[in-house]
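J.: Listed below, chain by chain, are the residues.
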Amino acid sequence: MLKRTPLFASHQEMGGKLIEFGGWELPVQYTSITDEHLAVRQAAGIFDISHMGEVFIQGPEAEAFLNQTLTNDARKLPVGGGQYTLMCNELGGVIDDLYAYRLGLAEYLLIINASRITEDVSWLEGRLAQFTGRAGVALRNASDVTAAAAIQGPRVAEFIDACFPGPFAGGTPVLRAADLRKNQVARTSLSGAEVWISRTGYTGEDGFEVVSPAEVIVEIWGRIFEAGLPYGLKPAGLGARDTLRTEVCYPLYGHELDDHTTPIEAGLGFFVSWDKGDFTGRPILAHQKAKGTTKRLVAFKMTDRSAPPRPHYPIWSSGPQAALLGEVASGTQSPSLGIGIGMGYVPTALAKVSTPLEIEIRGRRAPAVVVSKPIYRKAD
Amino acid sequence: MANVPSDLKYAKSHEWVRVTDHLGVVGITDHAQHELTDVVFVELPAVGKTVRAGDACAVVESVKTASDIYSPVSGEIVEVNATVATDPSLVNKDPHGAGWLFKVKLSDLGEATGLLTPTQYAAQIGGA
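Protein chains in written order, with my numbering: chain A, 6 to 385; chain B, 8 to 135.
Honestly, the hints are just simulated from the structure, not real lab data. Check the hints yourself; a few may be wrong.
Cβ-Cβ distance ranges computed for the label pairs, FRET-style [to be verified]: (1) B:Q131 with A:D211: 44 to 50 Å; (2) B:S96 with A:S323: 29 to 35 Å; (3) A:D309 with B:S13: 39 to 45 Å; (4) B:G61 with A:I289: 35 to 41 Å; (5) A:D309 with B:D14: 42 to 48 Å; (6) A:P325 with B:M8: 53 to 59 Å; (7) B:M8 with A:L7: 24 to 30 Å; (8) B:G55 with A:P325: 58 to 64 Å; (9) A:G259 with B:D115: 44 to 50 Å; (10) A:D283 with B:S96: 54 to 60 Å; (11) A:P316 with B:M8: 47 to 53 Å; (12) B:K112 with A:G368: 22 to 28 Å.
Ideal placement from N, C-alpha and C gives every residue a C-beta, glycine not left out.
Using the sequences and the accompanying hints, generate a full structural model.
T.: What follows is the structure in structure tokens.
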């Protein structure tokens, strides 16, 4: 029996093509992936992300606990601030990548991948049991009672305030949602329920993400549609979510990240803090930072018209002594660029921009080239 | 409602064939293109290749999936649609016309009678 978010009926009404995704029944698209992708790049799109996980961590020792468990520095977070961070095991392998928000002086919210909720909560509880300050930390997995939506695109800021009239009474002190800056989060209410809204996203566009109790997400979805339709808002599914994040090289757990890949290998060293003290995985990550890694994540673009590269397609080096280097982690036809793009791990020596590669597609190798990240950039 | 032209024969795997004399023109149906949505790439068989009915001989790719295309008839590939190679969206815009994929010189003229009629195919796709 597949799990359904509170918005299931809305997806059906809007003609969503429902598929199985990590045990959930969610729309891969409503009209077409290309259509929805371009709507987000040009105007606005809304995604149901209620399947994601929400863990609240509170108490006087919460910050210290997070700093020992996650790679980024929670001390940098003001009340109402958020940061991208990673949770590693003792070998530096990524258990999950996530966002951490500081909701109050001693209150944090972690937004975790839907596919990792069980593993993450189990890991956090295990870490907490070992943490000397555990009496000062309360951990609550609210994933089953919490819903969320992401509203992304250059026009969202024009209508988001109509959906959330305020007042805003927690997090970053703002008068309006549109006053939030990137990575800031604020609390408002709707029908008596506490709603958190952040200026964050997974598409490379401006946008907001809204977290609420499950009971009010249908109302939120309706309000956003009513306000956003005149601005070109479209519902967008998992397919567009994937093409959007691949274009800007955001990793997806299970593709670019897994528990035997480190943040350094994935090129995410920026989100590892070295001056906050010890944290799980630090010794191996520090070694990799100092000595380098054997493999590195690269972004690539196909150089000729070809079938799109897809996950698990082999990556070869170019030239007469071609060697098998690895496999595609994420790959697709880029709706914005009209060419095949992707990411994959190659030996570090070949991870330089402009290195030629070949992607094996149905037994034939097609030429590609390593490019810098992000693959898609808005024209200034 | 998918368009199901009455002058074609259909395979269960959503290909159509238009038979004139010894030649069969093959493409994918309106229902199929609607399911795939945006076709971004088409891989066509080599001219001269021999195919048997049911052989996978082409690939149509959308953003999310690569779909095998099966020849509904046996024979030799005598022509492929070069226009679809440069503009894959033709498969979506005109699946029974300009979006045709390849032409087969039929080795068995009676074979097409075993395929689905328009009525049978429409029933298979549930009149959707």
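J.: Each hint needs a verdict: does it hold in this structure or not?
T.: Results of checking the hints against the structure:
no., hint, result
1, B:Q131 with A:D211: 44 to 50 Å, "46 Å, holds"
2, B:S96 with A:S323: 29 to 35 Å, "31 Å, holds"
3, A:D309 with B:S13: 39 to 45 Å, "40 Å, holds"
4, B:G61 with A:I289: 35 to 41 Å, "53 Å, violated"
5, A:D309 with B:D14: 42 to 48 Å, "38 Å, violated"
6, A:P325 with B:M8: 53 to 59 Å, "55 Å, holds"
7, B:M8 with A:L7: 24 to 30 Å, "28 Å, holds"
8, B:G55 with A:P325: 58 to 64 Å, "30 Å, violated"
9, A:G259 with B:D115: 44 to 50 Å, "47 Å, holds"
10, A:D283 with B:S96: 54 to 60 Å, "55 Å, holds"
11, A:P316 with B:M8: 47 to 53 Å, "35 Å, violated"
12, B:K112 with A:G368: 22 to 28 Å, "26 Å, holds"
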